[in-house]
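Fit chain B to the supplied structure of chain A, relying on the hints for placement.
2 protein chains.
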Amino acid sequence: MGEERYHDKHPFHQRLVAGSLSREQVQAWAANRYYYQKQIPVKDAAILANLPSAQHRRVWIERIYDHDGREGTRGGTQAWIALARATGLEEADVVSERYVAAGTRFAVDAYVHFARTRSWVEAVASSLTELFGPPVMVRRMAAIVERYPWIDPAGLAYFETRIPLAKRDAETALQWIVAEATTPELQDRCVAALRFKCDVLWGVLDATALSSGVFVPA
Amino acid sequence: MGEERYHDKHPFHQRLVAGSLSREQVQAWAANRYYYQKQIPVKDAAILANLPSAQHRRVWIERIYDHDGREGTRGGTQAWIALARATGLEEADVVSERYVAAGTRFAVDAYVHFARTRSWVEAVASSLTELFGPPVMVRRMAAIVERYPWIDPAGLAYFETRIPLAKRDAETALQWIVAEATTPELQDRCVAALRFKCDVLWGVLDATALSSGVFVPA
Chain A
0 MGEERYHDKH
10 PFHQRLVAGS
20 LSREQVQAWA
30 ANRYYYQKQI
40 PVKDAAILAN
50 LPSAQHRRVW
60 IERIYDHDGR
70 EGTRGGTQAW
80 IALARATGLE
90 EADVVSERYV
100 AAGTRFAVDA
110 YVHFARTRSW
120 VEAVASSLTE
130 LFGPPVMVRR
140 MAAIVERYPW
150 IDPAGLAYFE
160 TRIPLAKRDA
170 ETALQWIVAE
180 ATTPELQDRC
190 VAALRFKCDV
200 LWGVLDATAL
210 SSGVFVPA
Chain B
0 MGEERYHDKH
10 PFHQRLVAGS
20 LSREQVQAWA
30 ANRYYYQKQI
40 PVKDAAILAN
50 LPSAQHRRVW
60 IERIYDHDGR
70 EGTRGGTQAW
80 IALARATGLE
90 EADVVSERYV
100 AAGTRFAVDA
110 YVHFARTRSW
120 VEAVASSLTE
130 LFGPPVMVRR
140 MAAIVERYPW
150 IDPAGLAYFE
160 TRIPLAKRDA
170 ETALQWIVAE
180 ATTPELQDRC
190 VAALRFKCDV
200 LWGVLDATAL
210 SSGVFVPA
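Chains as they are written, first to last, in numbering that gives the first Met the number 0: chain A, 0 to 217; chain B, 0 to 217.
Looking at chain A on its own, in the form it has when it is part of the complex (with noise of 0.2 Å):
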């Protein structure tokens, strides 16, 4: 699944760390994905209230601190925005969401639509995309460093922090997916959310790339 469908395939994450995108794009880029990073925690709460037990909310609760970040400390999504400030953005213009496309507010919101509504198996198995994450994070730093110099790389430090926790969560939740996803239909289910959830971070990306000129009428 990773292979044919993480969004690192998509034309646009590959001209990200090719390198070849104007400074609007990636601010375009840094803006519309700035909706998924705030929906993030608000996907989790969902999933958290149809947990089944007091063990797995306490683990499942921690995700919900990495976005938000607990009293005085600073979360995922406000490191989003220091990135999105990095390329040039005005914090308020990101916050404002102004600049996000209704295709990326489509299929985010499907994401949470998705885990509010499903079995948290389900819900639990389409945070899989995870699995696929922390190696293209890796990559995606280097080109943006190497490449867009007039990012401050400091700007970086959201995925610095992201990527050890993304190994860390996808590990736990492969755990309880593997115990509980025991028959073929059940695992069929599973293997269907992740794509889901494939196509939830590929429509971001379709909706960046005609946002910013980077798809165009053939």
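Simulated from the structure, these hints should not be mistaken for lab results.
You can take every hint at face value.
Covered stretches of chain B (in silico footprint by chain A; criterion: 3 or more residues with CB under 8 Å from a CB of chain A, positions within the stretch not fixed):
#1 98 to 108
#2 200 to 209
So, partial list: chain A residues that the calculated Cβ filter (under 8 Å) puts toward chain B:
#3 P10
#4 A101
#5 F105
#6 A106
#7 D108
#8 A109
#9 H112
#10 D198
#11 G202
#12 D205
#13 L209
#14 G212
#15 V213
#16 F214
#17 V215
Incomplete in silico selection of chain B near chain A, CB under 8 Å:
#18 P10
#19 H112
#20 G212
#21 V213
#22 F214
#23 V215
#24 P216
#25 A217
The beta-carbon is built from N, C-alpha and C at its ideal position, and this holds for glycine as well.
Structure of chain B alone, referenced to chain A:
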């Protein structure tokens, strides 16, 4: 709003009426739009559940019959399937939704979710794209007959039936909105709802264009 954002301004639609789409691209349009058609009565049932009176429901319920058909008659969804077959698609492929792009699903599902969760006034306002539809449907029909002679014109019955119904529906909905949206704040919400619906229709064509090679990497 219609002048700027209705989906007849979308590059895919412009090519449809110009006659420059391939058979596969016209099929992609019919197959993707099928998912929108199929969800219209679901959306209308969601609105029905939020309407404030028996009189409102009595009027709105007609829309569900229009798309689902009454016992023994063919509704809009079946008429759309006939159109898809006239483009050369197999009915089984259409109803399997195998050609529906993920982005189409995200956009259409956002519309159903909007109808479920917003006030009935906003949900009805979002349907007002039907104010713009009839003249566009007339031009689209004429273009299809003239420029895609391989499509059996009998397949266009959907539009013939739909044009007078869309006029009637739009007039009723507009009367309700004018009567209800009596404050600037409510009026702004209705305009935002209509903009949202334009984004939905535009998003369906974005996804159709991306999946059929009408949009490509620059």
